[in-house]
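Colleague: Sequence:
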Amino acid sequence: MRNRIDIPKGLYGITGDNFANGKSNYECVEEMVKGGIKIVQYRDKFKSTREKVEEAKAIKKLCHKNNVLFIVNDDVAVAMLVDADGVHVGQDDMKPDDVRKLIGINKIIGLSTHSEEQGMAAYNNENVDYIGVGPIFPTTTKDTTPVGLKYLEFAVKNLHLPFIAIGGIKEYNIDEIIKRGAQRICLVSDIVGAENICKKIINLNSKILKK
Numbered sequence: 066m067r068n069r070i071d072i073p074k075g076l077y078g079i080t081g082d083n084f085a086n087g088k089s090n091y092e093c094v095e096e097m098v099k100g101g102i103k104i105v106q107y108r109d110k111f112k113s114t115r116e117k118v119e120e121a122k123a124i125k126k127l128c129h130k131n132n133v134l135f136i137v138n139d140d141v142a143v144a145m146l147v148d149a150d151g152v153h154v155g156q157d158d159m160k161p162d163d164v165r166k167l168i169g170i171n172k173i174i175g176l177s178t179h180s181e182e183q184g185m186a187a188y189n190n191e192n193v194d195y196i197g198v199g200p201i202f203p204t205t206t207k208d209t210t211p212v213g214l215k216y217l218e219f220a221v222k223n224l225h226l227p228f229i230a231i232g233g234i235k236e237y238n239i240d241e242i243i244k245r246g247a248q249r250i251c252l253v254s255d256i257v258g259a260e261n262i263c264k265k266i267i268n269l270n271s272k273i274l275k276k
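Here my numbering is used: position 131 in the sequence shown is 196, and no number is missing along the way.
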C-alpha cells in the first residue's frame with residue numbers, strides 16, 4: 066500500500082505567460098516564490114519540447130533553492146527529463162497508473178477531476194496524490210464546463226485526499242471557496258496577470274491559511 070505524498074496548503078501556483086502581461090514564466094515563478102507559494106506547476110502549451118525542458122530546468126532549480134515543490138503539467142517526458150517532483154494529468158491524458166510506472170513511487174501525481182464520480186475514482190486510486198476540483202467558475206484557461214460549488218462541497222465532505230480548487234477563481238470570489246472549506250486554491254490569470262504577484266499571493270494566502 067502506497068502512502069500519498071502531502072501537498073502544501075495555501076495557493077497552488079501555475080504558470081501561464083500568455084496571461085502574464087509580458088512577464089516570462091520564470092519571472093512569474095520568481096514572484097510566486099517570494100510571495101510564499103510552496104508548490105508550482107509548470108504549464109506551457111505553446112513551446113517546443115526543447116524550450117520547455119530548458120525553461121522547466123531553470124524553474125525547477127529556482128523552486129528547489131526555495132524548498133518549493135515543482136510539478137510539470139501533462140508532459141511526462143519533460144517531467145522525467147528535468148527530474149520534476151511530479152506530474153499533473155487531465156482526464157484525457159496518460160492514466161495515473163501508467164504515469165506511476167514511469168516515474169516511480171516517490172513522485173507526486175495530480176489528476177484533474179470534474180465530477181463526483183471522477184473524484185471518487187481518484188480517491189480510491191493510491192497512485193493519485195492529489196486532485197484538481199473544478200473548474201468552479203467559467204474560466205479562460207479551460208474549455209471544460211464549470212462544475213460550480215456543489216462538487217467543491219462534495220470534495221470537502223467526502224474526498225479525504227488533498228485537492229486544489231481551481232477554475233475561474235479570482236480575488237473577488239475566493240471567499241466563496243475558502244468559506245466552503247478549501248485549503249488549497251489555484252488562481253491562474255489573477256496571479257500571473259497581477260501587477261504585483263508577490264503582494265497578491267501574500268494577501269490571498271493570509272486569507273486561506275488563517276483558518
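Read the hints as simulated data drawn from the structure, not as lab findings. Even glycine gets a Cβ: it sits at the ideal position worked out from N, Cα and C. Heads up, a few of these hints could be off.
Keeping only pairs whose Cα atoms sit at most 20 Å apart, straight-line, the calculated EDC-like set for lysine to aspartate or glutamate is [unchecked claim]: (1) Lys222 with Asp240; (2) Lys207 with Asp158; (3) Lys74 with Asp255; (4) Lys110 with Glu182; (5) Lys264 with Asp109; (6) Lys166 with Asp148; (7) Lys88 with Glu241; (8) Lys264 with Asp240; (9) Lys130 with Asp148; (10) Lys160 with Glu182; (11) Lys74 with Glu182; (12) Lys88 with Asp71; (13) Lys207 with Asp148; (14) Lys112 with Glu182; (15) Lys88 with Glu116; (16) Lys122 with Asp109; (17) Lys126 with Asp158.
Quick list of the computed label-pair ranges, beta carbon to beta carbon [unchecked claim]: (18) Leu214 with Met145: 28 to 38 Å; (19) Lys126 with Leu214: 32 to 42 Å; (20) Met185 with Asp157: 40 to 50 Å.
Colleague: Next pair to validate is Lys122 with Asp109; report whether the Cα-Cα distance is within 20 Å.
Modeller: Measuring from Cα to Cα gives roughly 14 Å; hence the hint holds.
Colleague: If you check the beta carbons of Leu214 and Met145, does the distance land in 28 to 38 Å?
Modeller: holds, 36 Å
Colleague: For the pair supplied as a hint, Lys112 and Glu182, is the alpha-carbon distance within the 20 Å limit?
Modeller: Cα-Cα ~33 Å, so violated.
Colleague: With a cut-off of 20 Å on the C-alpha distance, tell me whether Lys264 and Asp240 pass.
Modeller: The given pair, whose Cα atoms are some 18 Å apart, holds under the 20 Å limit.
Colleague: Within 20 Å, alpha carbon to alpha carbon, are Lys166 and Asp148?
Modeller: Holds. Lys166 to Asp148 sits at ~15 Å (cutoff 20 Å).
Colleague: Run the distance test for Lys126 versus Asp158: straight-line Cα separation, threshold 20 Å.
Modeller: violated, 26 Å
Colleague: Is the Cα-Cα distance between Lys74 and Glu182 20 Å or less?
Modeller: violated, 24 Å
Colleague: Is Lys207 close enough to Asp148, meaning Cα to Cα at most 20 Å?
Modeller: Status violated; Cα separation ~27 Å.
Colleague: Are the Cα atoms of Lys88 and Asp71 separated by 20 Å or less?
Modeller: Violated - the C-alpha atoms of Asp71 and Lys88 are around 30 Å apart, more than 20 Å.
Colleague: In this structure, is the beta-carbon distance linking Met185 and Asp157 contained in 40 to 50 Å?
Modeller: At 19 Å between Cβs, range violated.
Colleague: Measure nothing beyond the straight line between the CA atoms of Lys88 and Glu241; if it is 20 Å or shorter, mark the hint as holding.
Modeller: With a Cα-Cα distance of about 29 Å, the restraint between Lys88 and Glu241 is violated, given a limit of 20 Å.
Colleague: Please verify whether Lys207 and Asp158 have alpha carbons no more than 20 Å apart.
Modeller: Satisfied, since the Cα-Cα distance of roughly 15 Å is no more than 20 Å.
Hints 4, 5, 7, 11, 12, 13, 14, 17 and 20 from the earlier list are contradicted by this structure; the remaining hints agree with it.
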